[in-house]
Amino acid sequence: MVAYCRTWVVVVLGTVFLVLIQAASVVSWSASAPAAWAVTDWTDAHATFYGGEAAVGTMGGACGYGNLYAAGYGTASAALSSALFHGGLSCGACFQIMCQTSGTSWCSNPRQFVIITATNQCPQGSEGGWCDYPRSHFDLSFPMFQKLAHPAGGAIPVQYRRVSCQRTGGIRFTINGNAYFILVLVSNVGGLGDIATLSMRGPKSHWLAMQHSWGQNWQCTTSLLGRALSFKAILGGGHQTKEFLNVADSNWRFGQTFEADSNF
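Numbering (mature numbering (1 follows the signal peptide of the UniProt record, and there is no 0)) for the sequence shown: -23 to -1, 1 to 241.
FYI, nobody ran anything at the bench for these hints, they're computed from the structure. Wrong hints could be hidden among the right ones.
Below, simulated SDA-like cross-link-like pairs (lysine to any residue); rule was C-alpha separation at most 25 Å, straight line [to be verified]: (1) 181 x 214; (2) 124 x 37; (3) 219 x 188.
Let the sequences and hints guide you as you build the complete structure.
Rendered as structure tokens:
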């Protein structure tokens, strides 16, 4: 049985009164995810690069991973255009990308490809409009772009497809928030890599379906302080589901990261 985390809707009346309405969330937060990523055939797109030669500017980002080296992604990362980012549901997904030799003379090697993880969003209104909807575009770290093409190429035609993510260690859950609000960042996800739905529970309780907040952060306003935490994740394709039981013991604290003993 799956219940829903409580949500609070704030209604502003004029400029003075606030009414708090407690509601059960009945939204399927994976609505855009399952059908979005059946991209197993090579598909056309373009790629640029950002963040400087050392990729310092790629740290942080709209997925919430922070230091990409500490998170295990390093420079094998990219910011996705809005058409690919899907409001953050694509965070953690892995893509194989290769330069299209038929469309540019800047390709390094016609057989060269890179595998990257989606860690950021390339915003609308970027230089050249490459990231503007509905374009499919990858803003790669400089080291990744350099493997595909000479940097002088600037923007290059590429082909991409989804691939399975190969991770070291278990899936990780970073717990933030306060006594009334839990925000969980999920990282180091194997398999398809992108979380479509996330649920949590304490001991002897039903699964609580969490809400997608932003990036790869999921929220719940049902207090589970002082309880051991378990999680259940469904990946973007909808075909991979796994339970991670008792990941955090009852003494967990906000700001801590817990690594499960398994992955997808």
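Of the numbered hints stated earlier in the document, which are not met by this structure?
1
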